[in-house]
Amino acid sequence: MKKFVMLSLACCFCTMAGAVFAAPVPVEEINPGYMYLGPVGDGGWTYSQEIGRLAVDAAFPALKSAIVESVPEGPESVPIMERLIRQNKSKLIFACSFGYMDFVQDVAKKYPDTTFMHVSGYKRADNVGTLFGRMYEPRYLSGLVAGNASKSGNIGYVAAHPIPEVIRMINAFALGVRKVNPNATVKVIWLFSWFDPGKEKEAAKALIDAGCDVIAMHADTGAVAQACEEAKTYVIGYNNDMTKYAPTMQLTAPIWNWEKLFAPVVQQVADGTWKSEAIWLGMNSGAVDLAPFGPGVPEDVRKLVDDEKADIISGKQKVFAGPIKDQSGKVIVKDGEAMSDDDIWSMGWFVEGIVGDIPK
Amino acid sequence: MKFRAEKRIDAPVWMNVVVTLLFVSFAFVAGGLFLYTQGVPPLSAYWIILRSSFGSGYDLSETVVKALPLAMVSIAVMLCYTMLIWNIGAEGQALLGALAAAAVVRYFPAESRVAMLSLMAVAAAVAGGVWAGIAGFLRVKWNVNEIITTLMLNYIAIRLLEFFIYGPWRDPSSLGFPMTKPFIDSARLPTLWGTRVHMGLFALLVLAVVMEVIMRKTRWGYEIRVMGDNSRAASYAGMNYFRGVVGVMFLSGAIAGFTGMCEVAGLQGRIQAGFSAQYGYTAIIVAWLSHLSPALSLFVAFLMSSLLVGGAALQIEMGLPLASAAIFQGLILFFVLGGEFFLNYSVRLDLGPAKGPDAHEKYAGGGG
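The listed protein sequences correspond, in order, to chains A and B. Counting in our numbering, the first sequence runs from 934 upward without gaps. Counting in our numbering, the second sequence runs from 2 upward without gaps.
One should not assume that every hint holds.
[As the list claims (entries may be wrong)] A short list of chain B residues far from chain A (calculated; beta carbon distances all over 10 Å):
#, residue
1, Tyr59
2, Lys67
3, Ala104
4, Lys142
5, Val145
6, Leu323
7, Leu350
[Said to hold, decoys possible] Example chain B residues on the side facing chain A (calculated, C-beta under 8 Å, incomplete):
#, residue
8, Gly40
9, Ala111
10, Asp172
11, Pro173
12, Lys182
13, Asp186
14, Thr196
15, Asp230
16, Gln269
17, Ala274
18, Ala324
19, Ser325
[To be verified] List of simulated lysine to aspartate or glutamate pairs, EDC-like, C-alpha gap at most 20 Å:
#, chain 1, residue 1, chain 2, residue 2
20, A, Lys1251, A, Glu1098
21, A, Lys1056, B, Asp172
22, A, Lys1132, B, Glu318
23, A, Lys1022, B, Asp11
24, A, Lys997, B, Glu7
25, A, Lys1042, B, Asp186
26, A, Lys1112, A, Asp1275
27, A, Lys1022, A, Glu1098
28, A, Lys997, A, Glu961
29, A, Lys1193, A, Asp990
30, A, Lys1242, A, Asp1259
31, A, Lys1263, A, Asp1290
32, A, Lys1056, A, Asp1276
33, A, Lys1112, A, Asp1259
34, B, Lys182, A, Asp1259
35, A, Lys1258, A, Asp1275
36, A, Lys1267, A, Glu1285
37, A, Lys1208, A, Asp1039
Don't read these hints as lab results, they were simulated from the structure. The beta-carbon is built from N, C-alpha and C at its ideal position, and this holds for glycine as well.
Okay, chain A solo, but in the shape it has when bound (with noise of 0.2 Å):
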């Protein structure tokens, strides 16, 4: 103990030397704090969080990590961050959910000596990182899978909230769709909530009703997928495989695996070398992927995603790159041109096949 007293005072002093980085953290004093959006148990994202964060502690065994479920996306978020700190002694707090962004920024200007990895947002300081996956890259891959299974040529997409994450992953799906299947069209249907199973549900049965005979999901649970499975309907999961929600019709789901995410972090932040940037890791890193086939894709389509899932992680292919036209039929992103990073982030347009407005 007396050790890593020394030590940490050592540090001190070479931070004030003029030092880029933090001072390495020992393991066993990092404390992680999660704070999550919804229970650990809703089945997608926060459950695919928890099992991110289980598998890290297992990595780092000296690790005490806390979590907190359930914090609303507003000035509640403060305390919990600040008890994290306080009565946890975290040195690293994860805040998971988007909403969080400015409490995250108040919180970390009173704790310059803590980090915050804020997931999914774009406000960064000294103390704050931002912490994404380029789910757009599994999500045009599902894109593909789900155009080769629609006959009909509609597709139903339940969407979380009209904000760039969503809109860019809905986009990244129906350009997968129309490669596969050029007069398909995604239909949107908003819930304008993260967290609401019951809401979900509805929106999954309007669209089946409305003639869609696939549906793509962008919300925290696996509600939509035990309403396709309800109605004999292909689904597209999300966040993690979906399998046990839609055994028969789950094609297959975006999923995340945040140990990936996670994990680089805490052994940053224990070496010392941790500073403030925006991770955005695609599928070449692992820490977005496709979950396995369901029995409803034939196997010419497994191929066919199995080499642009390669062509993708190779660098080879972009998923957003021209010729890509917005809903008008206008030619946003030229033939032989791809968009650029802080296009892709913060896009509010729909392409070209999509029904469903954008609220301004």
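Please arrange chain B on chain A, whose structure you already have, making use of the hints.
Structure of chain B alone, referenced to chain A:
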């Protein structure tokens, strides 16, 4: 043989104290037993709750931050409950207040903090008041059940708020994310002592005193109580039930709306999706536990807040899942509210057929 419950006419003060203490201790025993089944040592758990609510200046300040809107909204709704009007729409009225405050900041920004905040407060109170007043008007005009209307108006308020933050009021620099622009400095409620406790605290203290006086000492307060006890008798006595209901609903909504403005101007400085913290519902429990007394609600809201704070602390320090923390909180409230029943009713074992002049006072049998 069955149990019957009789209404107590006048329980002595010592009985109130004894019964309350008894049931609070039942609550803690039951809560402790539950924690024990979850592998959490009960005494350390209670110590953690105490420490995290009152243990330091910081902890105390955060407990106050949570208690503030609870107390304010409970004062708002208890006004209605005194006259047996069931306003459960304080949540929506508070949202409307926040929305009106944001509108004023957007369209009439003022340099002077006093002018800006007063304008916001008036707008918030009027917006919340009108929102509740609609339900009050429907109630007295066409006898529309106000429980339903106030509840439904909550959902409309949420959608209205979403419309503005996703639409016309969205911050253009937010990259499309749903939130208003940050308020200008003059529209922020100053905070006190370097904590998150804001000036709304003084407003609350003044409000509690004023409402206590209005309810107990003024003619209007008397009328409200009489209308609550017997609206027909009140009408015979020349009291205007129509004006009474609409007026009380308006005032109730105005206080709730003002609370919404305090929250948004004090804590957040902008409105964003997921802004509400459901205080409007929790405050209903606070109102009843404080026996519809504004002064007492300050105390009860503070205790309720420490219970809420304790829930988070148990998750962090004891690794208790959220659902278990919620069950624990529910158990405590269940027993405390159960105690209220025994305060108001005495339960007797009924051996024969009911007889005597008090038979008509019988409450539904079957035991409590």
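Hints, verified against the model:
no., hint, result
1, Tyr59, "violated, 7 Å"
2, Lys67, "violated, 8 Å"
3, Ala104, "holds, 19 Å"
4, Lys142, "holds, 33 Å"
5, Val145, "holds, 26 Å"
6, Leu323, "violated, 4 Å"
7, Leu350, "holds, 44 Å"
8, Gly40, "violated, 16 Å"
9, Ala111, "violated, 24 Å"
10, Asp172, "violated, 11 Å"
11, Pro173, "violated, 11 Å"
12, Lys182, "violated, 12 Å"
13, Asp186, "violated, 15 Å"
14, Thr196, "violated, 11 Å"
15, Asp230, "violated, 39 Å"
16, Gln269, "holds, 5 Å"
17, Ala274, "holds, 6 Å"
18, Ala324, "holds, 7 Å"
19, Ser325, "violated, 10 Å"
20, A/Lys1251 to A/Glu1098, "holds, 17 Å"
21, A/Lys1056 to B/Asp172, "holds, 15 Å"
22, A/Lys1132 to B/Glu318, "violated, 34 Å"
23, A/Lys1022 to B/Asp11, "violated, 52 Å"
24, A/Lys997 to B/Glu7, "violated, 55 Å"
25, A/Lys1042 to B/Asp186, "holds, 18 Å"
26, A/Lys1112 to A/Asp1275, "violated, 24 Å"
27, A/Lys1022 to A/Glu1098, "violated, 32 Å"
28, A/Lys997 to A/Glu961, "holds, 7 Å"
29, A/Lys1193 to A/Asp990, "holds, 12 Å"
30, A/Lys1242 to A/Asp1259, "violated, 25 Å"
31, A/Lys1263 to A/Asp1290, "holds, 16 Å"
32, A/Lys1056 to A/Asp1276, "holds, 16 Å"
33, A/Lys1112 to A/Asp1259, "holds, 15 Å"
34, B/Lys182 to A/Asp1259, "violated, 28 Å"
35, A/Lys1258 to A/Asp1275, "holds, 18 Å"
36, A/Lys1267 to A/Glu1285, "holds, 14 Å"
37, A/Lys1208 to A/Asp1039, "holds, 19 Å"
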